[in-house]
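Colleague: Got two chains here, separate frames each, mind docking them using the hints?
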Amino acid sequence: MKLSGSGHRVAASLLAFALAAGATLLAQSVTEIAYDANADFVTLPSYGEVAGVATNSRGHIFVYARTGHGVATLGDERTFYHGGSRLFEFDQNGKLVKEIGQGVYAVNFAQQVRVDPQDNVWIVDAGSNQVVKFDADGRFQLVLGRKPENIPVRPGAGVPARQIDVTRENPSGGEGGRGGGGRGGGTPGAGINGDTFNRPSDVTWDRAGNVYIADGFGPNNRIAKFTKDGDFVKTFGHTGSGQGEFNGIRGLASDAAGNLYVADAGNKRIQVFDMDGTFKSQIGGVGTPQAICVSGGATQYLYSSNSNDPESTANGEIYKLRLNGQIVGKFGRAGKMPKEFGMVNAIDCRTENDLIVGEVWNWRAQKVTLRR
Amino acid sequence: MMRRCAISLVVGLLVAAGPTSAQNVSGPAKAKATTPEIPFDSVPNFIKMPPGVYMGEAVGVATNSKGHVFVITRSGESRLFEFDQNGAFVKEFGAGSYGFAFAHAVRVDKDDNVWAVDEGTNVIQKFSPDGKLLIVLGKRPDPLEQIAFMPGGGQYSGLNRPYSFHRQTDLGWDPQGNIFVTDGYGDSRVVKYDKNGRFMKSVGTRGNGPLQFSTPHAMAVDARGLVYVADRGNSRIVVLDNDLNQKAVYDTVGAPWAVCITNTPHQYLFSSNSFPTGNNFDQAPITGEIYKMELDGTVLGRFGKAGHAFKEFSSIHQMDCRTPDEIYVAEITEWRVQKIRLRPAATSSTGGK
Chain C
1 MKLSGSGHRV
11 AASLLAFALA
21 AGATLLAQSV
31 TEIAYDANAD
41 FVTLPSYGEV
51 AGVATNSRGH
61 IFVYARTGHG
71 VATLGDERTF
81 YHGGSRLFEF
91 DQNGKLVKEI
101 GQGVYAVNFA
111 QQVRVDPQDN
121 VWIVDAGSNQ
131 VVKFDADGRF
141 QLVLGRKPEN
151 IPVRPGAGVP
161 ARQIDVTREN
171 PSGGEGGRGG
181 GGRGGGTPGA
191 GINGDTFNRP
201 SDVTWDRAGN
211 VYIADGFGPN
221 NRIAKFTKDG
231 DFVKTFGHTG
241 SGQGEFNGIR
251 GLASDAAGNL
261 YVADAGNKRI
271 QVFDMDGTFK
281 SQIGGVGTPQ
291 AICVSGGATQ
301 YLYSSNSNDP
311 ESTANGEIYK
321 LRLNGQIVGK
331 FGRAGKMPKE
341 FGMVNAIDCR
351 TENDLIVGEV
361 WNWRAQKVTL
371 RR
Chain A
1 MMRRCAISLV
11 VGLLVAAGPT
21 SAQNVSGPAK
31 AKATTPEIPF
41 DSVPNFIKMP
51 PGVYMGEAVG
61 VATNSKGHVF
71 VITRSGESRL
81 FEFDQNGAFV
91 KEFGAGSYGF
101 AFAHAVRVDK
111 DDNVWAVDEG
121 TNVIQKFSPD
131 GKLLIVLGKR
141 PDPLEQIAFM
151 PGGGQYSGLN
161 RPYSFHRQTD
171 LGWDPQGNIF
181 VTDGYGDSRV
191 VKYDKNGRFM
201 KSVGTRGNGP
211 LQFSTPHAMA
221 VDARGLVYVA
231 DRGNSRIVVL
241 DNDLNQKAVY
251 DTVGAPWAVC
261 ITNTPHQYLF
271 SSNSFPTGNN
281 FDQAPITGEI
291 YKMELDGTVL
301 GRFGKAGHAF
311 KEFSSIHQMD
321 CRTPDEIYVA
331 EITEWRVQKI
341 RLRPAATSST
351 GGK
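First to last, the sequence lines map onto chains C and A. For the first sequence, the numbering used here assigns the number 1 to the initial residue and increments by one for each residue that follows. For the second sequence, the numbering used here assigns the number 1 to the initial residue and increments by one for each residue that follows.
It should be emphasised that the hints constitute simulated quantities derived from the structure, not laboratory data. What you are looking at is a predicted structure, and each value in this text was computed from that prediction instead of being measured. All residues carry an ideal CB built from backbone N, CA and C; glycine is no exception. Treat the hints with care, as some may be off.
Stretch-level coverage of chain C by chain A, calculated; a stretch enters the list once three of its residues show a Cβ under 8 Å from a Cβ in chain A [unchecked claim]:
no. : region
1   : 77 to 84
2   : 330 to 338
Which bits of chain C does chain A cover? Going by a derived footprint, with three or more residues having C-beta under 8 Å, they are [stated by the list, open to error]:
no. : region
3   : 47 to 61
4   : 144 to 153
5   : 309 to 322
Chain A extracted, bound-state conformation (with noise of 0.2 Å):
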C-alpha cells in the first residue's frame, strides 16, 4: 500500500509539472492591447467583520437578490459569512461543518440559497438563506484514511466518480435548476446533476484538445442553460451546451481565474486574468485585469491591474456580478473583498451598453 502510494505521488508530481508551468502565462492576453479601460471605484472598507474575526484568504464572493454579499474565506477554519448590502455583518453559515476545511467558491442561486464549494473536503454544501443544510453533494474522504497520503495529495488522478469529488472548484445552475460542477484539481471535468442531486452527466478529462480542461477553476451558467468553464490552465473560456457538448472557445483574455455572468436581461461576461499566487512579480505587468465581454466572446472593455494597493487587484479568485456596473472581487493574495463601481459612462463610449 506504500510503495503504491509513494508511486502515485511521483506520477502525480509529474502531472502537475505541466500544469502549473502552464499556469504561467508567456506574454499579456491577447486582447489586452485592443481593449478599452473602462475607469472605475473600489468602495472603501466596505466589508465590516464581526469583532476579533479577521478574513483570511478571500477566495469567494457572491450576492444574493437583496444585495446581500457572502464571503468565503480561508481563514483559521475556513468559514462562509453573509454581510448586508451596506457591508455590515449578519450571520455565519455552517459554523464547524465537517465540509469546511479548505474553501474555493460560494454562489447564490435564483432562489437566494447559498452553496459553498470546499475542495479540501470535496463537499459542496446547499444552504437555505436562513443557513439550514439542504444538499449536501460530494463525500469527504475518511479524513484519517488521507493522513497516510499527506503530504503531497490532491493531484490530478481523473477518478470521474458520478457522486464524488477531487478538488472541485465551482458551480452553476441552468434555469431549469441543474447543477453543473467544475472538477477540479483532482479531476479535470464538468459534471451535471439534476436539481435533486441525481447524477446526470460528467465530460472531460485533462488535456488542451476538445472537451479538455487544464484546472477548469470557474464556471458561470447563462439563462439559456450554456455553460462557461474557465480552463485556467490552458488560459481559455471553453463554452459548453446544456448537454456539455463543446460549442465555443475564447482564448483572448488571458488565464480566467474568475468568472460571472450577470443576472441582467442583456448578460455580460466577465473574466479575471489574475495575478498568480505565487507572488511572481514578474507576471504583475501582465496580469491582474479583468475583462467584459459579450456572451458571444467579443471583448467590450477591461478594467485593473495587479497590486497589493486598494483598487489594485491581487489574485482574484471569485467575482460576483449580478449587475454589470458593480463588481464584488474576492482576493486570495490581499485577504480582501473590494466592491467595484464601474463608470458606466465610459462603458457606454465603448459601445458596450
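The shape of chain C in the complex, shown without the other chains (with noise of 0.2 Å):
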C-alpha cells in the first residue's frame, strides 16, 4: 500500500501512541523466567537495608547495608553526622567473612558496593557524597569526593536566633531538603573539576582501569570520569530527557566492548555510551531500571529491575536483556515473601544465571538462580 502524506502522519501517530504505551505492551508479551530464591544465603549481622551487593572473583559476597544509627554530633552551631551504615563480607557459601570499613568517615548511608577485576571492593555512599576503593584486605586506595564538613539543620528550628548568621544565604551551610547532608560545603556539583557529588548512585570501570561514577539521583544528573588513580577527566550529561541528559541516574555497568549503560530512572530508559561519553542507544521497556548490571561469560546480559516504589507493590520484576536491548525475558513481583522482591537496589550478575538480589525493603540479599 502506498502512503500519502496524511497516512504518514497516522503511522507516526501511531508509532508515538505505541511507544507511549510500549512499556505496558511490552509487560504482556516478555517471556517468564522461571527461578529460584534463597532468602537466607547470608544473614546480616546487624539488620538493615541492603543497597548494595557484589561478588569478588572467588565468589564472596559483598553486602553494603543501612544498619545501625546514624549520630549526629552537635558541634560548633553545626552538626555532623557519623555511623549509619555498614560493609560485610560473606564467603561463597553465605558465611560471614569480616566487616569492612568500621567507623569510616564516609561511611554514613549505604547506596551501592562494586568489586573491580581486580577484586578491589568499592562503596558509593550517597549520604557523605563519597566513592571509597578498598583493596581485597580492606585497606584504603582511593578516595573519591568529600564530604560536607556538616550536615544542613534548618535554622530557627530550636535554636536561639540570635545564634543564626541571617547575612548568609544558607545560615546553616545547606539548603535542606533532599540532598542527604550533602549540600554542607556549598552548592551541589561546584566542586573543582566535578569532584563533588551529590547523592552519587554507582560506579564502573573501562578495560584501562577509568572509574565512571553515576552522579546521580541528586540535582546533578550526569556521569564522572576519572583516572585509575582518581585524576579527573571529563562529566558528561546534565538534568532533561534529551539524549544524553538524565533524570536520576540509579545505576551504571559496563560491558566488555566498551559501552557504558546508564540507569536513567527518571526517563524510564537505560542510555548506552562510549566510554567518552558519546550517545549511542537508548534501550525502554524495561518500566524504571532502578538496578542494572551487566554479566560475566563470553555472551554477556544485561540485567534492569523495574524496581517497586517505597509505597507500592507494583511492578519489582527483573528484566533479563541482550547487550543490543532485546528482552530475553523477566521475573519476580514485589512483595515481602521470600522469593518476593522488595525495592531492588542492587544486582551482581557475575555469573549469567546465578544472581545476588539486594532488597532495600526487605532488607535482605537473595540468591537468584534462573532455570535454563
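Modeller: Following this line, the structure appears as C-alpha cells:
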C-alpha cells in the first residue's frame, strides 16, 4: 500500500502511541523466566536495608547495608554526622568473613557496592557523597568526593535566633531537604573539576581502569570520569529527557566491548554511551530501571530491575536483556515473601544465571538462580 | 524547602496542641467509683537483666506460649530482650538493627513470632522465635533527610500511605493472620495487611467522630477478629469489625494507654488508664488504675493506682494478659516491668468469672 502524506502522519502518531504504551504492551508479551530464590543465603550481623551487593572473583559476597544508627554530633553551631551503614563480606557459602571499614568517615548512607576486575571493593555512599575504594584486605586505595563538613539542620528550629547568621544565604551551610546532608560544603556540583557528588549512586570501570561515577539521584544528573589514579578526566550529561540527558541516575554498568549503560530512572530508559560519553542508543520497555548489571561470560547479558516504589507492590520484576536491548525475559514481582522482591537496589550478575539481589524494602540479599 | 518546613512545623505545633491537652483528662474515669477493686500482688524483682545492661523506659512487654517474657525498652539504644518464665535473661533480638531507634511496643503472635514496633524508625520487625528477621513492615525515612526536620518532627501529617507508617504504635492479628496496625502519632488510622504484608485497607483520620482517632495508642484483636483500638486522646476504646467498620465505643475507663485481651476460651479485655508521663502529680489521684472488662464493654473490676513505688503503676505503656490473673505491665517513668498476680477469689466475688 502506498502511503499518502496523511498516512505518514497517522503512522507516526500510531508509532508515538505504541511507544507511549510500550511498557504495558511489552510487559504483556515478555517471557517469564522460571527461577529459584534463597532468602537465607546470608544473614546480616545487624539488620538493615540492603542497598548494595557484589561478588568478587572467588565468589565472596559483599553487602553494603544501612544499619545501626547514624549519629548527629552537636558541635560549634554545626551538626556532624557519623555512621549509619556497614559493609560486610561473606564467603561463597554465605558465611560471614569480616566487616570492612568500621567507623570509616564516608560510611553514612549505603547506596552501592561494586567489585572491580582486580577484586578491589568500591562503596558508593549517598550520605557522605563519597566513593571509596578498598583493596581485598580492606585497606584504603582511593577516595573520591568529599563529605560535607557538617549537615544542614533547619535554622530557627530549636536554635536561639541570635545564634543564626541570617546574613548568609544558607546559614546552616546547606539547603535542607533532599540532599542527604550533601550540601554542607556549598552548592551541589560546584566542586573543582566535578569532584563534588550529590547523591552518587553507582560506579563502574573501563578496561583501562578509568573510573565512572553515576552522579546520581540528586540534581547533578551526570557521569563523572576519573583515571584509575583518581585524576578528573571529564563529566558528561545534565538534567533533561533528551539524548545524553538524565533524570535521576540509579545505576551504571559497562560491558567488555566498551559500552556504558546508564539507568536513567526518571526517564524510564537505559542509555548507552561509549567510554567517552558519546550517546549510542537507548533501551526502553523495562519500566523504571533502578538497578542494573552486565553479566560475565563470553556472551554478556544486561539485567535491569523495575523496582517497586516504597508505597506500592506494583512492578518489582527484573528483566534479562541482550546487550542490544532485546528482552530475553523477566522474573519476579514486588512483595515481602521469599522469592518476591522489595525495592531492589542492587543486582550482582557475575555469573549469568546466578544472581545476588539486594533489597531495600526487605532488608536482605537473595540468591536467585534462573532456570535454563 | 526550608520555608515549607518552617510552616509545617508551625502547623504541626498547632495541631498538636489539641490532643496534648485532651490527654489531660479533667476527672477520673467514669467507671472508677462504681467498679469493685481487685486485690493483687506484684512479684518482686522478677526481670533479671544481663550483667551491665540497664532497663530504660519499659515501653513494651509480651509473653509467648512457653511463658517467656519479651521486653522492649528505650535504653541507650532501643533494645528487645527475651526472659524465661522465671525472669532469667535468654537473649537479645535484632541487636544493632536499623529498625530500633525509639521503641513503642512488642507483641507475640500465635506461632510465637516476636513483633517489634518502633516509632522512631516507622518500622515493624517480625522475628522468628530464634531471632531471625522474617518481615519488615514500613520504611525508615532516609535518616540524613530527617536531620533537616529536627527538632520538631513527627507531628500529625495524615499522609495515609499504604506501606509507610508515621510513628505507629501497636499491632495485632486476627485468626487468619491478617495484620492490624495502629498508626499512630503522625497518622491517625488503623491499617490492615494480609499475612504476607500486602496492604488491604486503612481507615481513620484525626478527630473525635466516628472512625476518627486522637492518638490510637494501642490495640488488641479478639478471637472473632474484632479490633479494639485504644483511642487515648479521646479517652475511649473504639471497637472495629474485621473490615474496619466501627461497631462500638467504650468510654467509661479513662484514657486507654494500653489494652490487651486474654488468650483464654472466655476472653477478657484489660485497659490501663495510665498516669501520664509528664510528672504531673495533679493527675495521680485520678489515673493509674487498670480495668478488667468483658469484650462487650461491661466493667468487671479495677486494680492499681498511680505512683513510683513497688506495686504502684508509673505510666503503664503496654500490658500482657495471656492469662487473666497474671498480668505483665511495662512502665515508662519507673524503668521496670512488673509481674502482677490478681487474686482470683476477689474476682469471683464480683461475678467476673
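Colleague: Run every hint past the structure and note whether it holds.
Modeller: Cross-check of the supplied hints:
1. 77 to 84: Answer holds; 3 residues pass the 8 Å Cβ test.
2. 330 to 338: holds (count 3)
3. 47 to 61: holds (count 3)
4. 144 to 153: holds (count 3)
5. 309 to 322: holds (count 4)
Violated hints are absent here; each numbered hint is respected by the structure.
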